[in-house]
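Enquirer: Two chains, two frames, a set of hints: combine them into the complex.
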Amino acid sequence: MSILQVSNVTKSYGKHSILSDVEFSAEEGQIVGLIGPSGSGKTTLIKLIVGMDVPTTGSVDMLGERVPNLGLLKKIGYMAQSDSLYHDLTGYENLTFFASMFLMSKREVKERIAYVTQLVQLESALKKRVSTYSGGMKRRLSLAIALIQNPQILILDEPTVGIDPELRKSIWTELVRLKVEEQKTILVTTHVMDEAEKCDVLTMIREGRVITTGSPQELKAIYDVTNLEDVFLKAGGEAHARHSSL
Amino acid sequence: MRVTALFKRIVLQLVRDKRTLALLFLAPLLILTLMHLLFTSNEVPSSIGVIGGSFEIVERLEDQDFEVTVIEETTTLKKLVEEQDLDGILKIDGEKLQLTLENTDPSQTKMLQAKLQQVLSLTQDRTSIEMAYVYGNENTSFFDVLSPILVGFFVFFFVFLISGIGLLRERMTGTLERLLSTPIKRWEIVMGYLLGYGLFAVIQTIIVVLYAINVLDMVLKGSMWHVLLINLLIALVALSLGILLSSFATSEFQMIQFIPLVIIPQVFFTGIIPISGMPEWLQMFSNVMPISYGANALKSVMYKGQGLGDVQFDILALMGFAVVFIVLNIVALKKHRKI
Ligand SMILES: Nc1ncnc2c1ncn2[C@@H]1O[C@H](COP(=O)(O)OP(=O)(O)OP(=O)(O)O)[C@@H](O)[C@H]1O
Ligand SMILES: [Mg+2]
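First to last, the sequence lines map onto chains D and S. Every letter in the first sequence is one number past the one before it in numbering that gives the first Met the number 0, and letter 142, counting from 1, is 141. Every letter in the second sequence is one number past the one before it in numbering that gives the first Met the number 0, and letter 185, counting from 1, is 184.
To be clear, the hints were calculated from the coordinates, so they are not data collected in a lab. It cannot be assumed that every hint is accurate.
List of simulated lysine-lysine pairs, DSSO-like, C-alpha gap at most 27 Å [to be verified]: (1) S:Lys-333 / D:Lys-14; (2) D:Lys-137 / D:Lys-168; (3) S:Lys-333 / D:Lys-46; (4) S:Lys-333 / D:Lys-74; (5) S:Lys-114 / D:Lys-14; (6) D:Lys-73 / S:Lys-114; (7) D:Lys-137 / S:Lys-17; (8) D:Lys-73 / S:Lys-17; (9) D:Lys-46 / S:Lys-337; (10) S:Lys-337 / D:Lys-105; (11) S:Lys-337 / D:Lys-126; (12) D:Lys-73 / S:Lys-90; (13) D:Lys-73 / S:Lys-333; (14) S:Lys-7 / D:Lys-74; (15) D:Lys-46 / S:Lys-184; (16) D:Lys-109 / S:Lys-184; (17) S:Lys-17 / D:Lys-126; (18) D:Lys-219 / D:Lys-197; (19) D:Lys-137 / S:Lys-90; (20) D:Lys-109 / S:Lys-7; (21) S:Lys-17 / D:Lys-127; (22) D:Lys-105 / S:Lys-7; (23) D:Lys-168 / D:Lys-74; (24) S:Lys-17 / D:Lys-46; (25) D:Lys-168 / D:Lys-127; (26) S:Lys-7 / D:Lys-127; (27) D:Lys-14 / S:Lys-337; (28) D:Lys-74 / S:Lys-114; (29) D:Lys-233 / D:Lys-197; (30) S:Lys-337 / D:Lys-74; (31) D:Lys-105 / S:Lys-114; (32) D:Lys-74 / S:Lys-184; (33) S:Lys-114 / S:Lys-90.
Note that this is a predicted model, so its numbers are computed, not measured.
The shape of chain S in the complex, shown without the other chains (with noise of 0.2 Å):
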């Protein structure tokens, strides 16, 4: 068979080049495990100035972790704020309370902002709060809701670039001609190169899966099978995809092009920012982009729990790109043989 020594020949060649064989396994290990870092980091004790609270409240700020030094009665509390490095005080005055914070950076502010108030309503009320959920838990990252997003953009990225690579390389140095003036079939190429690097796409999809679950303790509610099944549908579309771009492309840098251009506009479609936010215009454009399908996917199996059933306009329409541009493919290698 024309397409099982296609197979073996791109697996032989892959297998020999270790770099590229690295980074489509460890690179995506690499950038989870940063992202991992970055978004679960525990936050570093906020330190706070009390003036004039009771022992109770003083207690409550320190049960939740924060640094607290009891200040006596002054009258600069900006000036204070810095001498004494803190990043807040809070003066409370009978019912009154006032909140000096030092806010050279916005987002720690807000959240210390948030956790005061917390503290706050607690001890005013009397009364606990309790803190409902639908998703996650008061443990909830945002790695957790991005992690399946990002399991599945990794796929995507490494073997859309790699595979595209590929082909583009064997039109390069003039194979691909020498491999059509034989008989084989324009089918079985595209054939041969979705069973070659599907092999790796596979590979690659079950580490990072695993990584991800086993490793850094991604949130997994629904099945493993299933997010390696809506992996492997985005790896093939990713596939596809590449190997139909790479004919647009004249070089291995005119590859990287379509980085910016196809690649990171599907990244603002996936959920990382809110599609609900954007204007109605802007929604449509995340209909074509098959990461997204994937993302939605994900994020229902990974974090909802959710089962196939529940994302299947999901997985039929990234099926349905896959066939496209597998189509296409056929149809795009008739540039270099008219049959």
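Bound conformation, chain D alone (with noise of 0.2 Å):
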């Protein structure tokens, strides 16, 4: 069984339907990538499986719960779009303030601060007020404030956002050795290509529908093209296409 179910979702705020039908699956031990136009519904869609607010119609399942469910919430690391971050505050104290939500013991925080600083290169920043951070440092600190409890889901909106190449690498690396040491499933967005083709499963998304879904290869190959990039235009034409002559 999925790890995470999205079945027949449509999300309208007003009239306005953001959106349509998604059908939208993740197995335990992936890292799937959600990929489409600015606008497309994917921050929207990524709400509606953390349980930030609820489908139109149609229903998110994870581990076999229905979502909105507050003990999930413990399971899921996420990561918002915008760094949503106490600015009077240090990086470190941020990072306290957080772990203590899901009530973990003063030894576990320490060692937790101590992985998830070291892993998004903070260390040296940690006692300096988020106020002064660099928007890469900010949006370090979100990614380590997502990873702080140990969850065995990951959800992160554009995490590599304003990050440099080097240190983008290493997140990635550091996301592969999660999914593959530690069996965690990670659902990512991303507008970079070369980001969506270390995920295992992509789905692309444009106006609110899901257009296609696949590995990469798979897709290149249905698509009888070389990059993803191309992928994408094509199939959005397709969909296009097929969408305006019904």
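Expert: Structure (structure tokens):
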């Protein structure tokens, strides 16, 4: 059974339909990539999966439970698209605050903070106020917070925006390690195609509809192209043509 | 405990925000002091000209702090008032009294009139009238009656504003949503906020009450503990109302817009303007205004010297408001997370 199952989800704000008939699933130990143009509904879908919002119709199930569910939130590490940090607190204080939301023991908190800060290379800035951080540092701190309770499922909305190539590479290496060694399930949205290549499964969204799903290799084979960007353009074009002919 | 963590975080954030702290703790003192000075300032002695008065009358007037100028008979009294820069001229012609007043400041004129009448009645009847006061004494100033209301009002106003903006900012920066994506329960957020801002409300209340009583010599007939308790209840209502209303605002500016809508109307029903003189339907409004209960309780304790038993209805009303607002807060957070 899938660890995450999005069934027949539609979401509208007032008259605006943002997502329509979204079918989507993820298996344990997979990195699932969600790609699509700006405004296509990726963040909206992510919020439905985390349980911050409820679908207009359809359902989201995670680990066999219906979302939204308070108990599930402990198992989800969520990194929002916009940095949601307490700017008047230091990086360390932000981390301990969020850690205490998961009722972790003092020792556990210490260990996890040491691990996540080393992962995002933020050790030296930990005692500084977040208001003095650069854009990339804030992004890294957000990622560290998402990992703080050692969650089973990671849901990361554009985690590497504003992060330099070197660190981006080491973060992806770590994500892959978490998947392989700790069987974590990772759902990530991105606009960067070489990150998309690293995903096990890719789901492409356009105007609130899933246009195609498959591993990067499968997709390239189906559409008979050599890179993902072309897949996207082709799949998008077809979906568009199909849609407007209806 | 998540509530403790939230409490600590709010305290830490506020302690680092020196300006907001200053607003919370010093602004009420500043305004109270100003009001105190305005309402208890010694009246400027009235200068008055007397025509045809006996030596005795002049002496009595001088006893009452009048600046008396004895004037010889003249016909154009009005012109004389201006020429001599007097507040008024009293012409005594046997039994007939004639008072000509400058009257550029009607309230001052009224005061002069009242005082003059007092003096004259004493001289003419040759018997001193004993004055009796139910509350206060001949030294009671408007400030003494006003001050209990002011103390309660400032506690309400500043706690309302700062706690409301606190939660609002949390919402605007997205941290509320981030917080709600952790397993924290909605009531834990509300509790954390109540405790965090509550601590500062307690400190503020203590500072304001101590300052008002010890430095400004505010009348305190009842118990200081009762005053503190009532103010804490007022702060609790303000706190829960502030964070509740902040969910209907999308910016700090919109939060400020609640002041003329929610705060100012309450001022009118605190007893600064006599409520009993209002039309019936308007009086009904005071029933739904938390400050009116707080002000009434404070006035009873501070000015009339009553105990908690006498104001239990007001206290229950304040508690009721707080409970209702707290429950509404927990419900309102559903807007951000359905569970
Ligand atoms: N609360 C809301 N009310 C109304 N419309 C909304 C709301 N949130 C999102 N939308 C709309 O939903 C659409 C999808 O937004 P979403 O943030 O999901 O896009 P996205 O795919 O994440 O884009 P990006 O890559 O730029 O982050 C947009 O057209 C947006 O205007
Ligand atoms: Mg987005």
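Enquirer: Hint by hint, note whether the structure agrees.
Expert: Quick rundown of the hints versus the structure:
1. S:Lys-333 / D:Lys-14: holds, 22 Å
2. D:Lys-137 / D:Lys-168: holds, 17 Å
3. S:Lys-333 / D:Lys-46: holds, 15 Å
4. S:Lys-333 / D:Lys-74: Given pair Lys-333 (chain S), Lys-74 (chain D) holds - Cα atoms ~21 Å apart, limit 27 Å.
5. S:Lys-114 / D:Lys-14: Roughly 72 Å between the alpha carbons, so the hint for Lys-114 (chain S) and Lys-14 (chain D) is violated.
6. D:Lys-73 / S:Lys-114: Outside the cut-off at roughly 76 Å; violated.
7. D:Lys-137 / S:Lys-17: holds, 24 Å
8. D:Lys-73 / S:Lys-17: violated, 35 Å
9. D:Lys-46 / S:Lys-337: With a Cα-Cα distance of about 12 Å, the restraint between Lys-46 (chain D) and Lys-337 (chain S) holds, given a limit of 27 Å.
10. S:Lys-337 / D:Lys-105: violated, 31 Å
11. S:Lys-337 / D:Lys-126: violated, 35 Å
12. D:Lys-73 / S:Lys-90: The given pair, whose Cα atoms are some 90 Å apart, is violated under the 27 Å limit.
13. D:Lys-73 / S:Lys-333: holds, 19 Å
14. S:Lys-7 / D:Lys-74: holds, 25 Å
15. D:Lys-46 / S:Lys-184: holds, 18 Å
16. D:Lys-109 / S:Lys-184: Given pair Lys-109 (chain D), Lys-184 (chain S) holds - Cα atoms ~24 Å apart, limit 27 Å.
17. S:Lys-17 / D:Lys-126: Given pair Lys-17 (chain S), Lys-126 (chain D) holds - Cα atoms ~20 Å apart, limit 27 Å.
18. D:Lys-219 / D:Lys-197: holds, 14 Å
19. D:Lys-137 / S:Lys-90: violated, 83 Å
20. D:Lys-109 / S:Lys-7: holds, 18 Å
21. S:Lys-17 / D:Lys-127: holds, 18 Å
22. D:Lys-105 / S:Lys-7: holds, 16 Å
23. D:Lys-168 / D:Lys-74: Answer holds: Lys-168 (chain D) to Lys-74 (chain D) is near 25 Å, not above 27 Å.
24. S:Lys-17 / D:Lys-46: violated, 36 Å
25. D:Lys-168 / D:Lys-127: Satisfied, since the Cα-Cα distance of roughly 25 Å is no more than 27 Å.
26. S:Lys-7 / D:Lys-127: With Cα atoms ~18 Å apart, Lys-7 (chain S) and Lys-127 (chain D) stay inside 27 Å; holds.
27. D:Lys-14 / S:Lys-337: Holds: Lys-14 (chain D) and Lys-337 (chain S) sit about 21 Å apart, inside 27 Å.
28. D:Lys-74 / S:Lys-114: Violated, at roughly 79 Å.
29. D:Lys-233 / D:Lys-197: Holds - the C-alpha atoms of Lys-197 (chain D) and Lys-233 (chain D) are around 20 Å apart, at most 27 Å.
30. S:Lys-337 / D:Lys-74: holds, 18 Å
31. D:Lys-105 / S:Lys-114: Outside the cut-off at roughly 74 Å; violated.
32. D:Lys-74 / S:Lys-184: Cα-Cα ~15 Å, so holds.
33. S:Lys-114 / S:Lys-90: holds, 16 Å
Violated hints, listed in ascending order, are 5, 6, 8, 10, 11, 12, 19, 24, 28 and 31; each of the other numbered hints is respected by the structure.
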